[in-house]
Amino acid sequence: MWTWLKGPGKAFRKPLPGSTNYLGAYDKQGQLARMKNNRDGDQADRRRNEPEALEDEDVAAKRDMEDENLSEEDRELRAEQRKIARATREAEVDDMDEREGRPRERLTDLRPYPLNHGFRSQPVLSEDLREMLYIQTVEQGHDLSSVAATFGVDLRRVAAVVRLKTIEKQWQAEGKPLATAYSEAVLKMLPTTPFKPNTNNPVTPHEPINDLPVHPSTRPQIFYPASESRSFTCEDAAAVFDRKLLPADKRIPLPMLVDLEKWKNEGLNRAERTARQIEKDRSAREEAETKERKKLEWEERTQRTVPGRRWDFNFQDISAEKVGKDGRGRDAIGFRYGMPHIDRKAGVVKIPTSVQ
Amino acid sequence: MPRKPHNLKRPRIRQDWRKENLYNLSRLTTPPAANKTFFQQKWTAKSLARAYHSPYVREGTWTRMFDRRLPSVVSMDHRYLAKYDGSEQASGRGAGLETPMQEQARRRRRAGEPFRAEDAVAKRADGRPEKTPYPQMTFHPLERRLDTAIWRALFSSSVKQARQFVVHGWVKVNGKKMIYPGYQLNPGDMFSVEPERVMFATGAKKKSSDSHVTDHGAFGGEVEEGEEAEDVEAREEGEGEESEAGMATIESAEEREALETKPEDEQDAKKAMKNLIARAKRILEDSKRDLSGKRQQELRAFSQSVKKTMSKHGSGKEDAAIDDTVDGFETALAEIMTKLPEDAKPTQSTSDVQQSATAAASAEQPTLSSNPQMSDPDKEDEYIARKDAELLSAALERARANPVDASKPYATPWQPRQFMSAFAFIPRYLEVNQKICSAVYLRHPVARPGLAEVPTPFGGETMELAFNWYLRRR
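Residue numbers (the working numbering), protein chains in the order written: chain A, 1 to 356; chain B, 357 to 830.
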C-alpha cells in the first residue's frame with residue numbers, strides 16, 4: 001500500500017488544480033490518461049501564444065466611425081458584438097489557464113469508481129449560476145418553471161437553490177460565519193456548470209428538465225394487437241397500460257414547454273403565444289382557487305367544532321373500513337382491539353417519518 | 357462492522373475517504389466467477405456490496421427495505437412531443453418509422469459530432485439506445501438515510517462520522533434537531549450540519565493539539581522528503597506573510613470596526629482584546645527563531661497588559677475607557693511591529709507586503725500614523741502601491757475568512773484533507789450549499805439510460821448478483 005501511495009497514488013493526495021481528480025482519470029502507472037495524446041492541450045498552448053486575434057477596441061471603433069455606410073445602430077451593434085467576442089475569449093483563456101494546459105475531462109475521466117461504468121460524477125451548479133437563479137426568481141420575480149426552462153435546471157433544484165440561498169443571505173446579514181474556504185475548495189474539486197454572462201454561450205444546460213418517471217404499470221410488456229389503419233397514439237398506449245395513466249406529454253414536469261412548441265408549430269407569432277400562455281395560466285389559477293374553495297366548503301360541511309372550556313374539540317366523520325386487512329391502515333384512526341401498536345413496545349426506536 | 361474497517365489482506369470498500377480505502381479501490385476487480393457455483397458468486401457479490409452500502413443496517417432491516425422495483429426515468433424532449441402524437445412509433449411494420457429527427461441524430465452520430473440534448477435518448481456507439489443500469493440501483497433505499505446523505509453531500513469524511521454527528525446533535529432536518537441516523541429523508545427535506553463540524557471532518561489534520569499546522573506529508577517517507585520540506589517551508593512562509601501582514605493591517609480594519617461599534621457592548625471590546633492576545637502569541641510563534649529576547653519580553657508584557665485590562669473590565673469598568681485602551685493597544689502593537697528587525701521577518705516578500713500594507717493602512721486611516729514607515733509615502737510609484745494595496749486587501753479578506761487559529765480542531769488556514777478529491781462528487785439527487793453546510797434532498801435517486809445515480813464502486817455484474825441474492829427471499 002505504501003508503495004502505491006508513494007507511486008501512482010501520489011496524485012490523489014492533493015486536488016488537481018482546475019480539474020477533478022478521480023481514480024478513473026489515471027492509468028495504472030498514475031499518469032493522467034487524457035494527457036497521452038494531448039491535442040487539446042497543444043491547441044490551448046497555441047491559442048495562448050498566438051498574438052491577440054481580436055483587434056483592439058479603439059481601432060475597430062475608429063474604423064466603424066470612418067465607414068459611412070454604417071448607421072449609428074449598426075455601430076452600436078458591432079461594438080456589442082466585439083464586446084461579447086472579447087469576453088468569450090477572455091473566459092476561454094481563463095479556463096485554459098486554470099487547467100494549466102491540461103485538456104478538459106472526458107466523460108470517462110469523471111468516474112470515481114472505475115469499475116462502475118454506469119456512474120460518473122455529474123456537474124453541480126457553480127456559485128455564479130446559483131446567484132443568478134436566486135436573482136431571477138426572488139429579485140426579478142420570474143416564476144420557477146420559466147427559470148428552470150431557461151437555465152436548464154430541474155424545477156425542484158431551482159426551488160432548493162432559492163431556499164438555500166435565502167438562508168445564506170440571512171446568515172450574511174446576521175454576521176454568522178460562512179464556511180467559505182470549504183465551499184471554494186469543494187467547488188474546485190467538483191465539475192461545475194458555469195454561468196458566463198456577456199459571452200457567446202452564457203447558459204450551459206445543467207440537466208434534462210423533462211424527466212418522465214417510468215410508471216410501474218408500464219413495466220410489463222403487453223401484446224396488444226391494433227389494426228394497421230388505426231392511428232395508435234401515446235394516449236391509446238397509456239390507456240392500454242392502465243386506464244388512469246396519462247400520456248407522456250402530460251406527465252412530464254414542464255408540460256407548458258410542449259404547449260408552447262405546439263403553438264409555435266401552428267405558426268402563431270410571439271404575441272399570440274404569450275397571450276395564450278397568460279390565458280392558460282389564468283385558467284389554471286382559477287381552477288386551483290375553485291378547488292381550494294370546495295375543500296373549505298367540504299370541511300365546513302363535514303367537520304364540527306365544539307368549543308370547550310380550554311380546548312376546542314374538532315369532530316370529523318371517519319370510516320372504520322380504512323384500517324384495511326391487517327388493521328394497521330395508514331389513514332386509519334384510533335386504537336383497534338387486538339392490534340397493539342408496535343411502536344409502544346420497549347426498546348423500539350421511534351424514528352419520525354417526516355419533519356415539518 | 358469490524359472495529360478495523362480496512363484490512364489489506366481481505367479488502368473491503370467502505371464509505372469513507374481513507375487512503376487504505378483508496379488503495380483498495382485502485383486494485384478492486386470484479387470477483388472471478390470461474391470455478392464458483394452460482395450461490396458462491398452471489399454470496400461474494402452480496403458480501404462485498406453490503407460491506408460498502410449497509411454496514412450500519414442490520415441484515416433483517418435491509419432485507420425489509422429492499423425493493424425489487426428499481427426507480428428510473430427517461431428524459432423526454434418537448435419538441436419531439438409537440439411534433440408527434442406517438443402514432444409514428446406504431447406505424448410501418450409496428451416498430452415505427454424513422455422520424456426525420458432520429459435520422460438527423462443518426463447522421464450527426466455518423467459524422468462524429470458530440471451528443472446533443474435533443475437526441476432524447478442517449479445512444480451507444482453502435483447506435484442502439486443506452487441501457488439503463490438497473491442493477492447499480494440495488495441499494496437505492498439506503499441513500500435515503502440521513503447519515504448516508506450527509507456523507508454524500510461531502511459534509512463528513514465517512515458514514516460513521518456522519519452517524520456520530522447526527523447522534524451528537526450537530527445535524528438539523530428542516531431546522532429541527534434530528535438525532536436518528538436512520539431517519540429516511542423525504543423529497544424536499546433540508547438537512548444542515550454545523551459548519552464547524554464540517555470543517556473539522558473535511559479539513560486537514562493538525563500536527564498536534566496546540567499547533568495550527570497540518571501534518572500532511574508525515575507519511576511521505578524518504579522519497580519526497582525534499583519536496584516535503586519545501587512544502588512546509590513554503591507554507592510557513594505563507595503563514596508568516598499572512599500573520600505579519602495581518603499584524604500591520606488587520607488591526608486597522610478591526611480598529612475601524614471597533615470605532616464603529618464603540619459604544620455598543622462590552623462583548624466587542626472583549627473580543628478585540630482576545631484577538632490582540634492571540635496575535636501577539638502568533639508573532640512569538642512565527643518569528644521565534646530570530647526575535648531577540650527583549651522583543652519577546654515586550655510582546656509578552658503586551659499580552660499580559662491586555663489580560664489585565666480584560667480582568668479590570670470584567671470587574672466593571674466603563675466601556676468608553678476600555679475602547680480607548682483597545683486603541684492604545686493597537687497602536688502599541690503596530691509600534692512593536694515596526695521595531696521588529698527586518699531579518700526577523702520570514703522573507704523579503706513579507707516586508708514588501710508589510711510596506712504595502714502600511715501604505716494601505718495609511719490610505720485607509722491617516723489619523724493613526726504612529727508608524728514611522730507611514731510618514732514618508734512612496735509617491736513615485738503610487739500606482740504600484742495602490743495595486744499592492746488592492747491585492748493585499750483581497751488577500752486579507754481571504755485571510756480573514758480563513759484565519760490562522762490554533763484553537764480550532766483542524767489545521768488552519770483551512771485546507772481539504774488528503775485524498776479528499778478522489779472521493780469528491782455530489783450525486784444529482786442532492787442540492788448542496790457548501791457555504792451554509794446545508795443540502796436539500798431533492799428526490800429519490802433514479803436510473804436513466806446510461807447512468808445510475810446511486811454511487812457504488814462495483815460493476816454491473818457484481819451488483820446484479822447482489823440483487824439476485826436479495827431477490828431470492830422475495
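Hints may be right or wrong, so weigh each one.
Computed list of chain A residues with no C-beta within reach of chain B, every gap over 10 Å [said to hold, decoys possible]:
hint, residue
1, A33
2, A60
3, R156
4, V203
5, P216
6, N265
These stretches of chain A come out as covered by chain B in the derived footprint (C-beta under 8 Å, 3 or more residues) [as the list claims (entries may be wrong)]:
hint, stretch
7, 21-31
8, 119-130
9, 176-182
10, 195-202
11, 295-302
These aren't lab readings, by the way, just hints derived from the structure by calculation.
Backbone N, C-alpha and C fix where the C-beta goes; we use that ideal spot for every residue, glycine too.
Hints, verified against the model:
1. A33: Its Cβ never comes within 10 Å of chain B, the nearest being 14 Å, so this holds.
2. A60: Correct as stated: the minimum Cβ-Cβ distance to chain B is 27 Å, above 10 Å.
3. R156: Given a closest Cβ separation of 5 Å, the condition is violated.
4. V203: holds, 12 Å
5. P216: P216(A) is in fact no farther than 10 Å from some Cβ atom of chain B, at 6 Å.
6. N265: Not fine: 6 Å to the nearest Cβ puts N265(A) too close to chain B.
7. 21-31: Coverage by chain B holds for the stretch 21-31 of chain A (3 residues, Cβ < 8 Å).
8. 119-130: holds (count 7)
9. 176-182: holds (count 6)
10. 195-202: violated (count 0)
11. 295-302: violated (count 0)
Violated hints for the displayed structure, listed by number in ascending order: 3, 5, 6, 10, 11.
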